[in-house]
Each structure stands twice: as structure tokens, then as C-alpha cells.
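Counting from 1, position 60 in the sequence shown corresponds to residue 60 in our numbering; the numbering is continuous, with no gaps.
If a hint is listed, it holds; no wrong ones were tucked in.
Below 30 angstroms or equal to it, Euclidean Cα-Cα: the simulated DSS-like pairs (lysine-lysine) are:
1. LYS127 <-> LYS72
2. LYS64 <-> LYS75
3. LYS64 <-> LYS107
4. LYS72 <-> LYS107
5. LYS127 <-> LYS64
6. LYS75 <-> LYS127
7. LYS107 <-> LYS75
By construction, these hints were calculated from the structure, which means they are not laboratory data.
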Amino acid sequence: MHQTGSLDRRPTIIADHGDECATARARAERLYAERRRRDALFPDGLFGEPAWDLLLAMFVAREKNQAMILCKAYKAAGVTDTTGRRLLDRMEADGLITRRRAPRSRKMRIVELTELAVERLTDYLAKGA
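Build out the structure end to end from the sequences listed, making use of the hints.
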């Protein structure tokens, strides 16, 4: 009987995790879209949190199974290549992202969130208001 009770709870845990991921993705998409809408209404450079913009964009891309190439990452963060490289260097040193070569290109590089970053973003986004 104890085993049946354990098995009965397992789907709930899995469903809860799936719900948490879906909630986190929806919130990330909404936050990123709100930030872009705000940026469109006010002068360039007035607001700025490029690391957060990049984390949100990378999280959404990951949840959609889309690769994030470097130039797309810089655009998502609203920064120049130089600033973007510096930002990614910091995020990589902090264990939040990894960079690798694109499978079919010698020049293109892909940037991805680490599991640590995914766990922290999911936790933050799923439990937010």
C-alpha cells in the first residue's frame, strides 16, 4: 500500500514541475516583451539591464528549443558586440552560460544557459507575481 501511495504522488510532482516550467517561460516571455515595448517608447539607453534581458531571451529560446547565436544574443541584450562579449565573459565566469561552435559553421558560436542558470531562472520566474 505504501508503494501505491508513492506512485500516486509521482505524476503530481512531474506535473507540478511541468507547470512550473510553463509558468516560468510565460513570465519570461511577458517580461522580455514588456521591456522591449518600454524601450520603444523612450529614448535609447535610458533603461538598461542587458544581463537580465539576455538571460530572459536565452531562457525563452531554450524553452522553445531554439539556438541563440552570439549576434542574436547581443541584439536581445541591446548591446554592441564589444559590450556583449564582456557581458558573456562575466556570465560564463559566474557559471551561467556556455559558448560553443555552431554545428555547421566554423564562424558562428552558440551561447547557452547552464543548468544552474536554468534552475535559478525557473525558480525566480515560476514563483514571481
